[in-house]
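For this one, chain F is given, so just place chain B on it according to the hints.
There are 2 protein chains.
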Amino acid sequence: MVSEQKIADVSFESLLRIFTIPEGPDSTLTQIEESLSKNLNQFLREHIVAEEKPLHEIEKDFSSAAIPEQPEFVSAHTEHLLDTLVSHSVHTSSPSFIGHMTSALPYFLMPLSKIMIALNQNLVKIETSKAFTPLERQVLGMLHKLIYSESEPFYNKWMHSSEHSLGAFCSGGTIANITALWVARNRALKADGDFQGVEKQGLFKAMKHYGYEGLAILVSERGHYSLKKAADLLGIGQQGLVAVKTDEYNRICPEDLKHKFAELKQQSIHPFAVIGVAGTTETGNVDPLREIAAICAEESCHFHVDAAWGGATLMSDRYRTILDGIELADSVTIDAHKQLYIPMGAGMVLFKDPQAMKSIQHHAQYILRKGSKDLGRHTLEGSRSGMAMLVYAAMHIISRPGYELLINQSIEKARYFAELIDKQSDFELVSKPELCLLTYRYVPENVKLALEMASERDRDELHDLLNQLTKFVQKKQRETGLSFVSRTQLNPIRWSGRDTIVFRVVLANPLTSTEVLSNVLDEQREIAQSATALTSALNALANKICD
Amino acid sequence: MVSEQKIADVSFESLLRIFTIPEGPDSTLTQIEESLSKNLNQFLREHIVAEEKPLHEIEKDFSSAAIPEQPEFVSAHTEHLLDTLVSHSVHTSSPSFIGHMTSALPYFLMPLSKIMIALNQNLVKIETSKAFTPLERQVLGMLHKLIYSESEPFYNKWMHSSEHSLGAFCSGGTIANITALWVARNRALKADGDFQGVEKQGLFKAMKHYGYEGLAILVSERGHYSLKKAADLLGIGQQGLVAVKTDEYNRICPEDLKHKFAELKQQSIHPFAVIGVAGTTETGNVDPLREIAAICAEESCHFHVDAAWGGATLMSDRYRTILDGIELADSVTIDAHKQLYIPMGAGMVLFKDPQAMKSIQHHAQYILRKGSKDLGRHTLEGSRSGMAMLVYAAMHIISRPGYELLINQSIEKARYFAELIDKQSDFELVSKPELCLLTYRYVPENVKLALEMASERDRDELHDLLNQLTKFVQKKQRETGLSFVSRTQLNPIRWSGRDTIVFRVVLANPLTSTEVLSNVLDEQREIAQSATALTSALNALANKICD
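As given, the protein sequences belong to chains F and B, one line each in that order. Residue numbering for the first sequence follows the working numbering, beginning at 1 and increasing consecutively. Residue numbering for the second sequence follows the working numbering, beginning at 548 and increasing consecutively.
Just chain F, with the same shape it has in the complex (with noise of 0.2 Å):
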């Protein structure tokens, strides 16, 4: 064997050590350890977003195709991490880093994460996982148990059960929702007679034996781009995700979701799957989904509710009926590492029949043998790492109780937002916070009065120049890195569907005070009122109007 073997500057012996378990606290790795500990916990502590150096100065740090011919001390590559790499991260745990779905993480599963790689669990079967196998499944049923309320003995039987599955743990709301579609179009193109099921003969064999011309997926304007990707994938097409008009409240309408069943069918195209969103990705709005249900129940659709985002909503006693009729669902899409805390990497699909994913279902000889518990025969991904006991950590270190406080005073904060911005004679609530994710921008006084008053044309005019000081600010504020909201493009009612780019905010860090609030704001108005060009237009065009 090449045990006495040297390549280059590097022997064997040494790289042996580095599989060496380091021993006591005086270890050099022991002591590496510490220090990044410290330096991560100091870049934790600030409280800015991030530090202002354009990207194609932070790519020249990262230029280089070759992999290193040279070793480096993992000291000193520690250091030259922490010097390219920490220090230009995005700090999405600071309290005014309000503009997307990633937050603040509890302090604890920073240690209980190491369990995660130190074990380094595949979860795709028993064999490389044991406990941590019945532990995802647990953690499944929880999640199910979260939204169909099934009795105990329901999840007695089912839950540890080799033939079934009450969902799948993946890496994240984008593959749940592939995974729920995917069980949903071959439910819908199953065996029948000679026809094997479309998982075997495929999905022209299946339109063929179906006599349907096309396939469609159902869901609201505001729906995830993500399902354009599902329908690409499924072969599906993305024309085939038919959008369904919203109402003001960008919630989808029930009498045009009829309307589409209709005019669907009589083209030939069988609709087989709809989709109600549970928080909208822009404007965090709610789909009434008992409504949506008895429509599926009426036209024998699955129904799916994609909750990546706003299903966490169901631990807060006071709020989960905002989801009413979630537990109608045929499945649901929810990320534990957006309103549950948890790192990235952590989606989740619960079926309400756990026979559902046996339209999935695949085995192989070496692993996923018939009548094994391998969770790989029903999940889309192969290999997995044992993320679940983040999730099974936190659910009983924070408890249901301690997830509604969350969510409640996310909500409750995200209404203050929304009542604080609206007290201002400068800005404009775009979209109200139904969660806590809300939509805004700046419109200076004169403009506001402007707009009531304006021709088409003229209001058209304004729009724009509101459109483009809405991406400078945005921008600006980004640069400047004391604080970051998102920003997105809607066509409110109020303003006849006209193309607005407003600001986006979502508030789940709980420590994101009504401070940091306020200076959000303060510093927005500043900006704006900075950028000179764009506000003497508005004004000039703001006075001709009221002349």
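Just to be clear, a hint being listed does not mean it is correct.
Listed next, the in silico DSS-like pairs over lysine-lysine satisfying Cα-Cα at most 27 Å (straight line) [what the hints assert, rightly or not]:
1. F/Lys475 x B/Lys1018
2. F/Lys190 x B/Lys755
3. F/Lys260 x B/Lys755
4. B/Lys1018 x F/Lys373
5. B/Lys805 x F/Lys200
6. F/Lys190 x B/Lys747
One side of the interface only, derived from the structure: several residues of chain F facing chain B at Cβ under 10 Å [to be verified]:
7. Gln42
8. Lys114
9. Asn122
10. Val139
11. Met453
12. Arg457
13. Arg459
14. Ser486
Source of the hints: derived by calculation from the structure; they are not laboratory data. Bear in mind that the values here come from a model prediction, so they are computed numbers and not experimental data. Ideal Cβ positions, reconstructed from N, Cα and C, are used throughout, including at glycine.
Just chain B now, kept in the frame of chain F:
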């Protein structure tokens, strides 16, 4: 807001504390972390594979679907995890765990993974990842260069180009393979005249437009089970995954590949992708990639290489020729969590042509805007963690020559073990190691002799008994917990394609000594001899045949 609120025993103040970064080395969390680290290190130093406890016993600890109503202290819950989870997980890093592709990790990844967890970046977009985005692009560049060896100007031009992507980082080989086949399918059924492309109009319209009766993906009989999932998901159907014959070394037969092309085309079935396997999961053999590439070039067919496991061999100047021709592939899958020694959840797919991923490109208003460098525009997954940083760190700390040593020792240890097995009078090597994977079984000396002389019927019976014996030994060895080898079923030409159950060994852990290997054989021999009913039956039949 709710700062005064209290639900059950949880106060909002106590919740704020869990989001606050502890100060100083005396904080409770720092102490918990230290004690946890000690405990984990002790666990990792223990060289047994698993404590024996039947799964149904372990399940009792994970049986409640109710989310707790009472919070637990972090310290108490950590103890609980150590007792119920850690102690009943699998020691995938034990030197005697030689049954799967998951091996020991370099210890320095434990402290460094803290950076990933603590910063909690989301790689879907720049706004939530900043420096992690160029870092991931660089890692993809490094792997691309490892495979395709393009020039420096090539990487300067493409690596950080917003409209291009050299590949995608994902959770593992399954998603990587699906991504490659998705790209291949969309390019095969691209927009053409009135037809707007399969991504927009779906598979049914695509097939009608192109006049195909079916689609096919060609792969050897030894292709990974996940390819069936891919064929199902993409709407091709599992029957569209056409198995090509393999030779006695489990490598695809180019002649049969050509034959299959002809056969399919005669049936108007369009073979749009061929998959070469570089390291089959069951025997570790590598397809003749250069020959496959030539056939694909002639047929204008996408050539994908599934090198999820074997791809890391490219790090070894000594052995990279085993993968000769991989540089001709249109796309390649490599898992960093296999032979690059990275924790679970690090897959990659690389594309030769930086334009290739345009066929699956997508964007949205609030993120992934056109012209942005957001990685999410070219990934199947949405939100993703900063796992690429661990690959980056390992590349720098271990370096290319270090990886070469690791790869070389694995291959050479497997050869040593194969020789050791060959020397035993009562073991039979079933598949020789081409990389570091081999298969074998226990066959008593007199049974070996009898197998040679037996009639076909007796041979069937001997095989059947041997299969039972192998299965028994593998299970018993796993349950005993001193060491672990996996098992699978092969159909060796030597045994006229009979179903043959074998032990399967993967030798990636550099700490696995020759002594461990001898012990594994000794233990298997002992267990086999203890299975008196089976060995008596084998003996009796062998004696009858040899008489």
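Structure-based check of all given hints:
Between the alpha carbons of F/Lys475 and B/Lys1018 the distance comes to roughly 63 Å, so the proposed pair goes past 27 Å and is violated. At roughly 22 Å between alpha-carbon atoms, F/Lys190 and B/Lys755 fall within 27 Å of each other, so this suggested pair holds. Distance check on the hinted pair: F/Lys260 and B/Lys755 sit about 25 Å apart at the alpha-carbon level, within 27 Å; holds. For the given pair, B/Lys1018 sits about 18 Å from F/Lys373 by alpha-carbon distance, which is consistent with the 27 Å threshold.
With a CA separation close to 24 Å, the supplied pair B/Lys805 and F/Lys200 stays within the 27 Å bound. At most 27 Å may separate the alpha-carbon atoms for a hinted pair to count; F/Lys190 and B/Lys747 meet this at roughly 24 Å. Here the hint on F/Gln42 is kept, as its CB sits about 8 Å from the closest CB of chain B, short of 10 Å. Contact between F/Lys114 and chain B, as hinted, is supported at the beta carbon level, the nearest pair being about 6 Å apart and thus within 10 Å.
Given hint, F/Asn122 at the interface with chain B, holds; its Cβ is 5 Å from that chain's nearest Cβ, closer than 10 Å. With a cut of 10 Å, the hint placing F/Val139 at the interface with chain B holds, because the nearest CB-to-CB distance is about 9 Å. The interface hint given for F/Met453 is violated, since its Cβ lies 29 Å from the closest Cβ of chain B, which is over the 10 Å cut-off. The beta carbon of F/Arg457 is not positioned within 10 Å of any beta carbon in chain B (closest approach about 25 Å), and the interface hint is therefore violated.
A least Cβ separation of about 21 Å between F/Arg459 and chain B goes past the 10 Å threshold, and the interface hint is therefore violated. Residue-level restraint check for F/Ser486 holds (minimum Cβ-Cβ distance to chain B is 6 Å; threshold 10 Å).
Of the numbered hints stated above, those contradicted by the structure are hints 1, 11, 12, 13, listed in ascending order.
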